[in-house]
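Colleague: For the record, the sequence lines run as chains A and B. All the letters of the first sequence, read from the start, carry residue numbers 0 to 279 under numbering that gives the first Met the number 0. All the letters of the second sequence, read from the start, carry residue numbers 0 to 314 under numbering that gives the first Met the number 0.
Don't take each hint at face value.
To be verified - To be clear about the criterion: a stretch of chain A counts as covered by chain B if any three or more of its residues have a C-beta under 8 Å from a C-beta of chain B, and this derived list gives those stretches:
1) 24 to 31
2) 37 to 47
3) 108 to 120
Since the hints were made in silico from the structure, they are not lab data. Yeah, the Cβ is synthetic: ideal placement off N, Cα and C, and Gly gets one too.
What follows is the residue order along each chain.
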Amino acid sequence: MSTVTPTAPDTVRPYLSPVRAKGVSFPRALQSEWTKLRTLRSTWTTLATAVLLMVGVAVLVSSVVVSQWDTTDPLSRALFEPLSVALAGTTFAAIAIAAFGVLTITGEYATGAIRGSLLAVPRRTPVLLAKAVLLAVVTYVSMLIATLASFAASTAILSGKGLDASLGDPGVLRVLLGTPAYLAVVALLGLGIGAILRSTPAGITSLIGVLLVLPPLAGLLPGKIGETASHWLPSAAGQQVTLVTPDPGGLAPWLGLGVMAAYAVVLLAAAAVMLRRRDA
Amino acid sequence: MIEAHGLTKVYGDKRAVDDLSFTVRPGTVTGFLGPNGAGKSTTMRMIVGLDRPDAGTARIGGRPYRDTPAPLQEVGCHLDARAAHPGRTAYNTLLALAQSNGIPASRVDEVLGIVGLSEVARRRSGGFSLGMGQRLGIAAALLGDPGVLILDEPVNGLDPEGILWVRNLLKHLASEGRTVLVSSHLMSEMALTAEHLVVIGRGRLLADTTVEAFIESSSQRSIRIVSPHAVHLRDRLVAAGGVVSHDGGHGLEVTGLDQVVVGDVAAAAGATVHELRTQQPSLEEAFMELTRDSVEYSATSTTTTDVTTHHRSAA
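Bound-form chain B, shown alone:
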């Protein structure tokens, strides 16, 4: 369990993280989403005590990270694929970390096996590709077999096979009852990996919800109706209160009306219907919409919260 309460980090006159509160629960993968520069990395660094918050607190398992007696056993962190000394071998990098926490050296070989780096264990990490660096970072996070995992953009630089591996690994780790917080700016990736989402924009919380509810809450949901009487139908739908766009042929896009209402309007109008369906926006689209709001409203300081409430009430 990770608990953030009012986390705030100010750089000069920029509020990189602004009164951010959320809870990450065990047993599911929680995606930490936001555009680049939203404050994801800073938040993660504050959670594990690398950066000092200007306000607020972060607790892991009920206490600040700094107070954990064997931190690597409690929390596994992978914040940067280029965080190992390039002159040291993968094995020795992990051995030094293991020794500091009194973790048996045999565990080093184990985690190297888990991430698939056994064969290059005795090679200096300076020669590693970005993907191998990610694997080494994940190995370091797994070293203490921790109940909480915090990973910052772990799939960056991985090939498709590597991305699939990380995805399955994270799901597996969560299924064992671990708390998994993973950041990404790739919404499509999170749609496949995460069950829960914490979305931030400009350092503020935009949504804290399930992936399902997040997509559901998007106001972008529209109804597509295809009819040879499209022009006639369009006027009736507008009269019923819908916002309608016509593709010029037989297709109409309707927002502001339910699928049932659209069907009823079509029946009442005597229009032949070839197709009628609700178009679910992808996570990508829901996210774009949400963060566009946060950018639009950022000039005034209060409305971002309104956006959040709007989405929560919609959920």
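The following block holds chain A by itself, in its conformation from the complex:
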């Protein structure tokens, strides 16, 4: 050691702070993450975009259906399904929600804010878990509003021709409650992929690839394998709950959503392990 000792280190009384910090806990991590989520303008613009896309597409498609109904052929009339028209914007909303989920974590990596988050909560897992809980709740609530608003707007337009569905019709309530749940799981997949890839463009591209590109590719697999594989893909499994008449060969609606949620859980578990192991 140095032969010169620094100024009397042993006589120094360590600093004692008058500030009382209660310490890290999961509820406090939740509170902190909620502050982060609500104080970013992008949170509200992304959610507003998703809501507007759903309602806008509902109004547009419903209006087109009504205006062309008199010239529509009998077969198409027989196959007409009012709820698929009301919720035609779900795919578009899913893209906005996918980006929302990815950005929740990659936004922190891109800006360096992640280091502050992990310094404050050095065990790290509560950060990811709190983000997941809030993302699921916020997406579900906002997309439930979007779904109900789309249904109401579409019903108002379709009722002009007596084409509207009623809440009591079979499957309608399930679809109205299931569609926002499907979107909430999309957000969680985004969070998982974003946490693993730590890059906004890579995360969004991968998730859209999984949701939109993988299904037609799986269909190209030969015979029974291709069919089974495509039913078990996250998007196909999860989308069953959003259809009044689900694909009869596919999984049961709520089971399908459960399978999709299981993908999200596995992805988030992998993300949590990597978050703890990797350098931030």
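Dock chain B against the given chain A, drawing on the hints supplied.
Modeller: Frame of chain A; chain B shown alone:
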């Protein structure tokens, strides 16, 4: 108290931090010095658990950072002036951090006042200058009023008034009994701020000593003697074992001899002396010399340690 034991971080085939051990004590500002790329930031990140060491351990107050129940109260960290989300206001950035550790929200306004950002508290930090970003980072470090502070290049981008403010703040914090570790590649700044120095080069410890002893230990210390008999005196000094350079006029620079010996040699030679003094190298020069050594000897793996021992024994 910060204790690093054998910290090592390897990136590919490069040892960014190599078996680094040192202790940072409370009550003084400890300067963490090294040229760019010496491994200062990596070391700091390992101390607070952001990066996982490939070998070795770091403890703060006797335990790993990860195990602290209220980390922001124990350790305040400012590692990067651009570490806040640009879309969030200064107030909300700090509020989110405070909430995670159960720190009262009133403390957010307090630290914003301490760093002088109260007026821009409700503005998004994306519009902040580098200096304001530094102040926000320092505010975040002070949030839990911690007993240990770790700051990476906190004066970068600050104007002279801001640099003076940081300097006084750090000294004040240390005087309260806190442990303050502050990195810089600006030696002149550390000479004014720090009392103790941990110097690294190429990831290895070069010196762990006081600022005073660090300058003292420099072999660059030379004696300046001015005499109208410079030429004659030069030969006598060389004969006495000194290394002498002549400025062509009356001035001589002597190394390898003590000031007393030089004076005696001059008297014995009957030379008139107009000036005789020991030239203290600045911290800057001492540092340059030390790190030049570390670069020179880096081809062989053992000699860097010799350099360290040399300086320690000299101290």
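Colleague: Next step is simple, just say for each hint if it's right about the structure.
Modeller: Hints, one by one, checked against the model:
no.: 1; hint: 24 to 31; verdict: holds (count 5)
no.: 2; hint: 37 to 47; verdict: holds (count 4)
no.: 3; hint: 108 to 120; verdict: holds (count 10)
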